[in-house]
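Colleague: Now for the letters of each chain:
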Amino acid sequence: MSRAASTWLSEAVAVFTKDWRCELRTRYALNTVLLFALTTLVVVSVALGPLGADQQARGAVLPMLLWLILLFAAAAGLPRVFGHEEEKHTATALRLAATPSALFAGKLAFSLVLFFAIEALTAPLFLAMMQLPVAHPGRFVAALAAGGYGLAAASTLVAAIVGQARGQSTLFAVLSFPVLLPLLLLAIAATRAAVLGGDAGAELTQLVLYDASMTIVGLMLFPVIWNP
Amino acid sequence: MSEATLLDFAGVVRAFGRLRVLGGVGGRVAPGEVLAVGGPNGSGKSTLLKCLAGLLAPDRGRIDYREDGESLDTAARRHRVGFLSPDLALYQELSVAENIGFFCRLRGLPAARGEELRARVGLPAERLCGALSSGMRQRLRWAFALLHRPRLLLLDEPLEHFDAAGVALAAALLAEHLDAGGLAVVANPSHLELPRVAGRIDLAL
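Respectively, the protein sequence lines represent chains A and B.
Sequential numbering from 0 applies to the first sequence in numbering that gives the first Met the number 0.
Sequential numbering from 0 applies to the second sequence in numbering that gives the first Met the number 0.
Just so you know, the hints here were simulated from the structure itself, not pulled from any lab data.
Each hint can be trusted.
Which bits of chain B does chain A cover? Going by a derived footprint, with three or more residues having C-beta under 8 Å, they are:
#	region
1	69–82
2	91–101
Derived Cβ-Cβ restraints for the label pairs, each shown as a range:
#	chain 1	residue 1	chain 2	residue 2	range
3	A	Ala3	B	Leu204	43 to 51 Å
4	B	Gly23	A	Leu220	30 to 38 Å
5	B	Asp63	A	Leu180	41 to 49 Å
Cβ coordinates follow ideal geometry from the N, Cα and C atoms, glycine included.
Throw the hints in and build the complete structure from the sequences for me.
Modeller: Written as C-alpha cells, this is what we have:
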C-alpha cells in the first residue's frame with residue numbers, strides 16, 4: 000500500500016473511531032434510531048399480528064413493511080452524520096484538517112455499522128413477531144446487507160448535501176426520496192423473493208451495482224459538496 | 000523557511016446576499032512578519048480570515064499564498080494554514096488528549112507532537128473538552144492551529160477568554176512562530192504585543 004493510500008485509510012479510520020467514540024458517549028443516534036425502529040415494529044406487529052392470510056400473501060406484504068420500518072429508522076438517525084458537525088461548529092476543524100474523500104469514507108463506515116446494527120436487531124424481531132418463515136435465509140441476509148448498504152450510503156451522501164442547509168429534515172426527505180425509491184423497490188423485491196423461495200439473483204445484482212455506484216458517486220461528489 | 004513563502008492578496012470582495020462585507024481588501028505578509036487586521040464588530044475581520052484560509056470563497060479578488068516558491072490552490076492552502084477562530088469548536092464528548100490525537104491522525108502526525116503541544120499550552124490530558132473553561136478552550140484552539148507547524152497562522156480574536164497567563168502564552172507562541180520564519184495575520188490584536196508588524200488593515204462598517 001502506498002504512503003498516500005495508507006494516510007487516506009488512517010484518516011478514514013480516525014473519523015470512524017472518533018464518530019463511534021462520540022456516539023457511544025452520547026448515544027444520540029443509537030437511542031433515536033433504535034427507539035424508532037422498536038416502536039414502529041411493535042405498532043406494526045400489534046396492529047397486524049400474525050396475519051391470517053396464506054404464506055404467499057404475507058410474504059408479499061411483510062417485506063415491504065420491514066423495509067418501511069428500516070427506512071424511517073434510517074431517516075431518524077443518519078441525517079445527523081454531517082448535520083451535527085455543522086450544528087456544533089466542529090465542521091470547520093474537519094474542513095481544515097481532513098481529506099474530504101477520507102472523511103466521507105469514515106462517515107459512511109459509521110453509518111453502515113449503525114444501520115447494520117439496526118438491521119441485526121430489527122429483522123429477527125420482525126420475523127419472530129410476525130411469525131414469518133423465510134424460505135432462503137442466506138438470500139434474506141444478502142438482501143438486507145445489500146439494501147442496508149445502499150440505504151446507508153445514499154443517506155450519508157444526502158446528509159452531506161443538506162448538512163449546511165437550514166431545515167435539514169425536510170430537505171433530507173425531499174432529496175432522498177428519488178435517490179432511495181429504486182433502492183427500496185429492489186430491496187423489497189429481493190427480500191420478498193428470499194421469503195417466498197423465489198430467485199432474487201437479478202435484484203441482488205442490481206442492489207450491488209446501486210451500492211457501488213452510490214459509493215463511487217459519494218467519494219467523487221463529496222469534496223465538491225463539502226468545501227466552499 | 001524560504002523567502003519564497005509569502006501571502007499576497009488584493010481586491011478581495013465578499014458579500015452575503017446584498018450585504019457587502021469586504022469591499023476590495025488587500026495586503027501582503029512575508030516570513031517573520033505579522034499583518035494586523037482591525038475594525039469594529041461586523042466590519043469583516045472574520046470573513047477576511049476565512050477567505051484567506053480557504054473556508055470562504057471570495058466573490059472577487061486574488062489570494063496568492065506561496066510556500067517555497069510554489070503557489071498553493073485553495074484546497075492546499077486550507078489544509079496548510081493554522082487557523083484559530085472563536086467559531087472553531089472541537090469535540091465536547093472527547094477529552095483534550097483524544098481531540099488532539101484525532102487531529103494528529105487526520106494530519107498524519109505522530110502522537111508525540113500532540114502530547115508536546117498539549118503540555119506546551121498547559122491543558123489537562125484527560126479532561127473532557129465540554130468540561131473546559133472558556134480560556135482552556137482557547138488554549139485548545141491554539142494547539143489545533145499550531146499542531147501541524149503551519150507557516151501561515153490566521154488568528155481571529157486570539158486572546159478571547161484569556162487571562163494574563165493566557166495572553167503571555169499567546170505572545171510567546173506567536174513570537175516562536177515568527178522567529179521560526181512563519182507569517183501571521185491577526186484580527187483584533189488589541190491586547191497582543193505584535194512584533195514585526197508588516198502592515199495594518201483597518202476595516203470599516
